[in-house]
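Here is how the chains run, residue by residue.
Number of protein chains: 2
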Amino acid sequence: MEHKELFIYNSFTRSKEKFTPIDPDRIGMYVCGPTVYSDVHLGNCRTFISFDIIYRYLMHLGYKVRYVRNITDVGHLENDVDTGGEDKVAKKARLEQLEPMEIVQRYTNGFHDVLKQFNTLNPSIEPTATGHIIEQIEMVQQILDNGFAYEKNGSVYFDTQKLNATSDIYGTLSGKVQDDLLTETRDDLKNQSEKNHPSDFAIWVKAEPKHIMKWESPWSLGFPGWHLECSAMSTKYLGKTFDIHGGGMDLQFPHHENEIAQNMGACNCAPVNYWMHANMLLMNGRKMSKSPDPITGLSNSISPEELFEGTSPHMSKPYSPMIVRFFMLQTHYHSTLDLSDKALLAAEKGYHRLMDANRVLTDLAYGGNDQSSEEDVEINKLLDQAYEDMSNDFNCPQALSRLFMVATKINAIKNGQLDFNLVSRTTWERMQTTFHNFIFEIFGLKDDSHGGGNGANGEVLDGLMKLLIDIRQDVRAKKDFETSDKIRDTLKELNVILKDGKDGTDWSIG
Amino acid sequence: MEHKELFIYNSFTRSKEKFTPIDPDRIGMYVCGPTVYSDVHLGNCRTFISFDIIYRYLMHLGYKVRYVRNITDVGHLENDVDTGGEDKVAKKARLEQLEPMEIVQRYTNGFHDVLKQFNTLNPSIEPTATGHIIEQIEMVQQILDNGFAYEKNGSVYFDTQKLNATSDIYGTLSGKVQDDLLTETRDDLKNQSEKNHPSDFAIWVKAEPKHIMKWESPWSLGFPGWHLECSAMSTKYLGKTFDIHGGGMDLQFPHHENEIAQNMGACNCAPVNYWMHANMLLMNGRKMSKSPDPITGLSNSISPEELFEGTSPHMSKPYSPMIVRFFMLQTHYHSTLDLSDKALLAAEKGYHRLMDANRVLTDLAYGGNDQSSEEDVEINKLLDQAYEDMSNDFNCPQALSRLFMVATKINAIKNGQLDFNLVSRTTWERMQTTFHNFIFEIFGLKDDSHGGGNGANGEVLDGLMKLLIDIRQDVRAKKDFETSDKIRDTLKELNVILKDGKDGTDWSIG
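Same order as they appear, the protein sequences are chains L and W. Anchor point for the first sequence: position 197 equals 403 in my numbering, and the numbering is continuous, going up by one each time. Anchor point for the second sequence: position 453 equals 659 in my numbering, and the numbering is continuous, going up by one each time.
Treat the hints as calculated values from the structure; they're not laboratory data. Glycine included, each C-beta is placed from N, C-alpha and C at the ideal position. One or more of the hints may lead you astray.
Claimed, not checked - Computed beta-carbon distance windows for the label pairs:
| # | chain 1 | residue 1 | chain 2 | residue 2 | range |
| --- | --- | --- | --- | --- | --- |
| 1 | L | Thr-517 | W | His-266 | 26 to 36 Å |
| 2 | L | Asp-691 | W | Asn-643 | 42 to 52 Å |
| 3 | L | Glu-292 | W | Pro-519 | 50 to 60 Å |
| 4 | W | Lys-446 | L | Ser-244 | 26 to 36 Å |
Let's have the full structure, built from the sequences with the hints guiding it.
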């Protein structure tokens, strides 16, 4: 497929821009990954699923994409500023009496398992912060050599005032002016005196004696500041300036703002051409939070596992990973998304409607007379529009609405309400290809309503269901209602739904 | 469970020894992982499955085990000696025109996917060589400081003659005497002159200008020798001396021999108390090899995927990961294991027999009168022996044979050939627990004959099969043979097997 014209909302310029990659055929994309000190948050999953769809669509457009998503396994402090906070991984290790790398391994595995359930593709490279200490030390040295940092008692601080004297870039991404920066940069007392200016930030931190994750450097036995890893690793794997940098909206400040500062200091260039931010996930209209509500005693929070297993008091039933993924598609990545039982119930219906329509498209033989018509033109327009929506800042909900309009046509054809002769063979085949591409390749959904994705067992399940549907018809014809009732009742117990249609009976789970 | 007395065959002393861990409750175990430059070899899978069972059994005995298994992503040279060979990962990256870390990511993911299919547990820590360059540089420095290495033109070599002058450890593990070492250490011409002695080996390698994976060090812009990573990472995560070091038999020399040398040089102590080596996997009696046979044109080689999908000309059908895992259990880890279609067919039967017996044990209510008997004593002895076998250098095949003897009793009870009254309730319950522990916890098998391990779909599958077995009985009673024949024929097509027994009909796939 030739590269379609693509528009991306750039958080840096706050405007939708035509996308022009540095290399016409290759794209470099960096997305900030998780800090692996606890189970992955569902809100983070939303971010990674959003960028998974962006990654899939860029590849679908024919680009070769190098997609780098890091694992933060050191340096992310509890209080996010300078040396006052405790390292999140090290703290968890202390509490659980484990080696920090055991904590890292456990939660990295858990993170991968959850994303696999959501059917996200693996990034091309998944570098870790501890795996790039040398590169980070080198970058600190470059920033020092260029005069954009200073050392105090073994720690090294980025000199934001020096950057401000030569450029007005600092604060642009987050839209914060210097006064805001002053106010928002909470200072811990201990290190206030070390910094020349409150908005300066640590890029190398001298370790306290009790600190366990530390490495030799020219300045001290210490560890890198959290923001540094992304600058060092994006530069190593994507170059000094690359195409797309993504992450959750909450990372704009200070994390991404400071990444830009570090790259300016080390390389004297802005690192990223297009900054993209996925918005927050809410639940029942409010920010997710683990603290219990004073009245209900319930926390406004849910884990992926609770969602899949239906064990949360907020949900009436379990929702499969594909239904949750579909639910996320229904809102643009740049808007907040509100999770609720009601919204998931609706998403479940929508998911099955889409999958059912796709199955009809796949199974139904073309039954028209290969003539064109106004219907034909209308369907083609909808398919074109779905692509235009995706190329318009990855507007999934809009593209989805086009597919649903086509799905209505498909069902009408199946049920004989729309004349098959009004749709040409070319259009029918284009519908098949486009549905397949959107559902499986771009949206990254799997059809689990038929027990799909389980290889051999999926086939057995399908075979057994065909057999049962067949027997049900036979015994009805023989007026053996005892047996046909038994089939009906047992399937109901097993949550298998039969749907009688013009071309026979179809089925789905749940 | 209190720690049972355990005996381990120690490759270093060539004798079976009573196992005494350094800490009475905790065990440190290091296993050499894969070099991630190609799809994982089935022979490597055997090694990792062997150590998975060892890991599981140690935990079953009540130990806390820190299990470290590394990923080699740099430094493993094509010719294994000094600087003449090309780095395996870098070579693959050159051939595929990718960043080396993209190669690393792709094959690390593939490795994890295959091991997940084999149901191996994740290690506690899975460190990478590139993630520990600093630790490796520090170890080179220690070895230099202690006088066991010398620098030549930016590369650093381990001084085996210096070690030989102070200790007779070098050569003990592999049983090679100095003359052998001289003969077996193929020297590349370029670096011969740099080494003081042919058996010396590189621990830091100065990179050629074209080399892409390189780091700054006190000696040169270069990369660590392959053997170094395991010394540095085992020391970091398990201490200077730890309990168990495992790997494939082919790693004894030079890899493990050189690890010992490096640790002696850096810390002046032997790193490992118990060296364990898993033996090779053969196919059809011969070493696996990718080069085609001159007569048949077939290579004597098979990948895990070909095995699972049944696409190899060497196999008559696909074998599920659990059948392959069961097959591997049937041979002691210290013996060579010969893969063949015939052996896998037999393993398939054995696997189903074991799973069927376990299902009978789980489903059948105790039907005796709680008296003891000679049968009772015999069964308890077999269960004791299964544990003794495992504690005797992890003798899985022997333990398995005890379980099969118990399985015969279970089937006899089910079929009414053995009086249930001869087995006491305590023994019946002990049989249930022991079978469950061995099959699922220690051997790490899953019951996939009932479509198990697929969560919700497994339940649906089970429900549909119960319904069909029920309908089959009903329609037979009504003399509706058309329907009962249809059920029989369709199940046969789907490869679902019905087994009529005393307590009704059971089923399995395959």
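Given a hinted range of 42 to 52 Å, is it respected by the beta-carbon distance of Asp-691 of chain L and Asn-643 of chain W? 43 Å, holds
Between Lys-446 of chain W and Ser-244 of chain L, does the C-beta distance stay in 26 to 36 Å? 32 Å, holds
If you check the beta carbons of Thr-517 of chain L and His-266 of chain W, does the distance land in 26 to 36 Å? 29 Å, holds
Lying within 50 to 60 Å: is that true of the beta-carbon distance Glu-292 of chain L to Pro-519 of chain W? Distance hint for Glu-292 of chain L, Pro-519 of chain W holds at roughly 59 Å.
Checked against the numbered hints given earlier, the structure satisfies every one of them.
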